[in-house]
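**Q** Heads up: the sequence lines are chains A and B, in that order.
The first sequence lines up with residues 1 to 338 when you count with UniProt numbering.
The second sequence lines up with residues 1 to 338 when you count with UniProt numbering.
Some hints could be false.
Any copy will do: because identical chains look the same in the list, a pair fits if it lies in one copy or spans two.
[What the hints assert, rightly or not] Derived EDC-like pairs: lysine to aspartate or glutamate, alpha-carbon spacing no greater than 20 Å straight-line:
hint, residue 1, residue 2
1, Lys-330, Glu-299
2, Lys-284, Asp-225
3, Lys-174, Asp-244
4, Lys-37, Glu-102
5, Lys-267, Glu-287
6, Lys-183, Glu-86
7, Lys-302, Asp-73
8, Lys-302, Glu-320
9, Lys-322, Glu-137
10, Lys-45, Asp-271
11, Lys-156, Glu-137
12, Lys-183, Glu-314
13, Lys-284, Asp-73
14, Lys-262, Glu-104
15, Lys-322, Asp-209
Hints in this document: simulated from the structure, not taken from any laboratory.
Number of protein chains: 2
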Amino acid sequence: MNEKTTIYDIAKALNVTAATVSRALNNNPKISAATRKLVMETAAKMNYKQNKLALALKSGKSNNVGVVVPYIDRNFFSAIIRGIEEELYPLGYHVIICQTHEQESAEIDNINALLNAQVDGILMSVSKLSTQTSHFEHVLNKNVPLVFFDRKKDVKGVSTVTIDDYQAGYNATKHLIEQGCSKIAHLSGDWALEIYKNRYKGYKQALLDNGITFNKDYVIKTKSDIKAGHKSVEKLMTLETPPDAIFSSSDYVALGAIQQLKKMGVKIPDDFCVIGFSNEPFTKFMELSMSTVDQLPVEMGKMSAKVFLEQVKESNVKIEKKVVLAPNLKIRATSTKK
Amino acid sequence: MNEKTTIYDIAKALNVTAATVSRALNNNPKISAATRKLVMETAAKMNYKQNKLALALKSGKSNNVGVVVPYIDRNFFSAIIRGIEEELYPLGYHVIICQTHEQESAEIDNINALLNAQVDGILMSVSKLSTQTSHFEHVLNKNVPLVFFDRKKDVKGVSTVTIDDYQAGYNATKHLIEQGCSKIAHLSGDWALEIYKNRYKGYKQALLDNGITFNKDYVIKTKSDIKAGHKSVEKLMTLETPPDAIFSSSDYVALGAIQQLKKMGVKIPDDFCVIGFSNEPFTKFMELSMSTVDQLPVEMGKMSAKVFLEQVKESNVKIEKKVVLAPNLKIRATSTKK
Chain A
1 MNEKTTIYDI
11 AKALNVTAAT
21 VSRALNNNPK
31 ISAATRKLVM
41 ETAAKMNYKQ
51 NKLALALKSG
61 KSNNVGVVVP
71 YIDRNFFSAI
81 IRGIEEELYP
91 LGYHVIICQT
101 HEQESAEIDN
111 INALLNAQVD
121 GILMSVSKLS
131 TQTSHFEHVL
141 NKNVPLVFFD
151 RKKDVKGVST
161 VTIDDYQAGY
171 NATKHLIEQG
181 CSKIAHLSGD
191 WALEIYKNRY
201 KGYKQALLDN
211 GITFNKDYVI
221 KTKSDIKAGH
231 KSVEKLMTLE
241 TPPDAIFSSS
251 DYVALGAIQQ
261 LKKMGVKIPD
271 DFCVIGFSNE
281 PFTKFMELSM
291 STVDQLPVEM
301 GKMSAKVFLE
311 QVKESNVKIE
321 KKVVLAPNLK
331 IRATSTKK
Chain B
1 MNEKTTIYDI
11 AKALNVTAAT
21 VSRALNNNPK
31 ISAATRKLVM
41 ETAAKMNYKQ
51 NKLALALKSG
61 KSNNVGVVVP
71 YIDRNFFSAI
81 IRGIEEELYP
91 LGYHVIICQT
101 HEQESAEIDN
111 INALLNAQVD
121 GILMSVSKLS
131 TQTSHFEHVL
141 NKNVPLVFFD
151 RKKDVKGVST
161 VTIDDYQAGY
171 NATKHLIEQG
181 CSKIAHLSGD
191 WALEIYKNRY
201 KGYKQALLDN
211 GITFNKDYVI
221 KTKSDIKAGH
231 KSVEKLMTLE
241 TPPDAIFSSS
251 DYVALGAIQQ
261 LKKMGVKIPD
271 DFCVIGFSNE
281 PFTKFMELSM
291 STVDQLPVEM
301 GKMSAKVFLE
311 QVKESNVKIE
321 KKVVLAPNLK
331 IRATSTKK
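If we strip away everything but chain A, and leave its shape as in the complex, we get:
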């Protein structure tokens, strides 16, 4: 392996100037896509890797951006990544993705792996079991821009892009009240994550604003899976006064709830309304299409990318931006009484 290939060697091989090679390697927009591709391929063939890495080390520019999410197989997160890529790919950035499976240790490992891969920035959604903030501060200490989307922690210097979860919870609950429901249960997630706390707060306020007494027996904190929906309904339906509606913070929990309600012979939506959260694709294809909250994930991804790009541009100025997007209630069959 020849470890000494320089941009001059590549320039010679292609009969172009070293400046052209340098520009092509650094994704300078002055260079055509065809030339860039040719230079990249030749550089690769000539084993330019080491030098490019050295260059990345020197300039701190790899044109790789790291994205860390709890799961890639939730439509919400994959759609955010799509939005990020749509914004960054045309600018010559490559998006490399890691998943945490909600484990803090994996989150820390992933961040270290991305920093070792010399990423120019990290865009991420905090995992549920994450309690520390030192690994986030570690990113900032390296002058690598960090952006939180959807799930965030309060860390000074980190920009965030979220939706208004309070408003989402409020609107969903208000819609259930307008459908004639008055005993509305709420299946929530871990309140260590602000998103779940805020959806709960919105739910509670909508009840109060509409003269409905808040009943703490109607609020259950659960995991975000189908089984949690089964169990929660089992529990709720044995209450002295069972609820007549559920607003769930998760589509999967709502799906489980619907399955269990059906099993018990409860008629949806006539006797019981259900609203989920996230607008996962399966919600549209169910026997009864499920009402849910669309969090505009593609827009959230695009916005996160834009916030990152602003930080890259203004590398001398510390920007801390808080973007809050408006949620979109999707009213479907599971909450529409005839």
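We have chain A already, so just place chain B on it with the hints.
**A** Relative to the frame of chain A, chain B by itself:
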């Protein structure tokens, strides 16, 4: 920034030996998770990044493994990634993921980005629009192990993990015949990809083996989305002798087909049976649960990881392994006549 931190500095700071630090940084199993975490965090705090990268350059070991897939939001691919992570994460590897959106240019860019990030191997599924093989050979030339899963190209030296798509197509078609269907259409993908060609071949052979004349008007090559399903059914149902069943190479196309058949008033499964391919989660939650072929993606991911690990262990020997897994037909409502 202090660029001269060595493992000796870290050892001093933690009051351990340099060997312990080195082992911890290299994920040696002799070191406890707690010690490893402490060393990693201290190394990070002391800006050890550059040296670790230098080490990676020297040893060719980053403990990062790259995975390239067309889409992360297809359950099939995300489940494969889950399998890969389950196998590799306990061994100290981090999986970094890129998606191609079926574009060859993105495939080339992703591979270069992963090589620049010093990955120890690349596990990937080839994108539909990929025609060249030079970017794969480029990976091999760098002595980075390359494993294809599901979608492969014939490249010397690349191990592959696939399912028996021929058998899958054969079994699905045979099942439709056993349900009494005799005019079975097949919605296929691009035959440049072997998986689609093999499913088609299995379909055709099952017809022949059961005395059913093959009708080329019943075979349509389409994209893998819902709209393609709508259009294909529109076309098929205007034939002089419309089909009475569809075996689709894609769950999404099958979903579109079912939507269009319903719109036309065709009764499923009594008058028309449908089988999809991939066992996407939504297939279970539809009004009529959809029959489909389960490709055992988690097992496929685990097997791909195992093949990669064998190659890493035997770095002096070139191994080219071809693993073929057996598919699993999931018979559900859309193909079960009463």
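**Q** Next, verify each hint and record whether it holds.
**A** To see whether the hints hold, each was checked on the structure:
{"no.": "1", "hint": "Lys-330 x Glu-299", "result": "within (17 Å within a copy, 36 Å between copies)"}
{"no.": "2", "hint": "Lys-284 x Asp-225", "result": "both (18 Å within a copy, 15 Å between copies)"}
{"no.": "3", "hint": "Lys-174 x Asp-244", "result": "within (14 Å within a copy, 47 Å between copies)"}
{"no.": "4", "hint": "Lys-37 x Glu-102", "result": "between (38 Å within a copy, 18 Å between copies)"}
{"no.": "5", "hint": "Lys-267 x Glu-287", "result": "both (13 Å within a copy, 16 Å between copies)"}
{"no.": "6", "hint": "Lys-183 x Glu-86", "result": "neither (43 Å within a copy, 43 Å between copies)"}
{"no.": "7", "hint": "Lys-302 x Asp-73", "result": "both (19 Å within a copy, 17 Å between copies)"}
{"no.": "8", "hint": "Lys-302 x Glu-320", "result": "within (17 Å within a copy, 41 Å between copies)"}
{"no.": "9", "hint": "Lys-322 x Glu-137", "result": "within (18 Å within a copy, 45 Å between copies)"}
{"no.": "10", "hint": "Lys-45 x Asp-271", "result": "neither (67 Å within a copy, 58 Å between copies)"}
{"no.": "11", "hint": "Lys-156 x Glu-137", "result": "within (8 Å within a copy, 46 Å between copies)"}
{"no.": "12", "hint": "Lys-183 x Glu-314", "result": "neither (51 Å within a copy, 64 Å between copies)"}
{"no.": "13", "hint": "Lys-284 x Asp-73", "result": "both (17 Å within a copy, 16 Å between copies)"}
{"no.": "14", "hint": "Lys-262 x Glu-104", "result": "neither (37 Å within a copy, 47 Å between copies)"}
{"no.": "15", "hint": "Lys-322 x Asp-209", "result": "neither (28 Å within a copy, 64 Å between copies)"}
When the structure is compared with the earlier hints, violations turn up for hints 6, 10, 12, 14, 15 and for no others.
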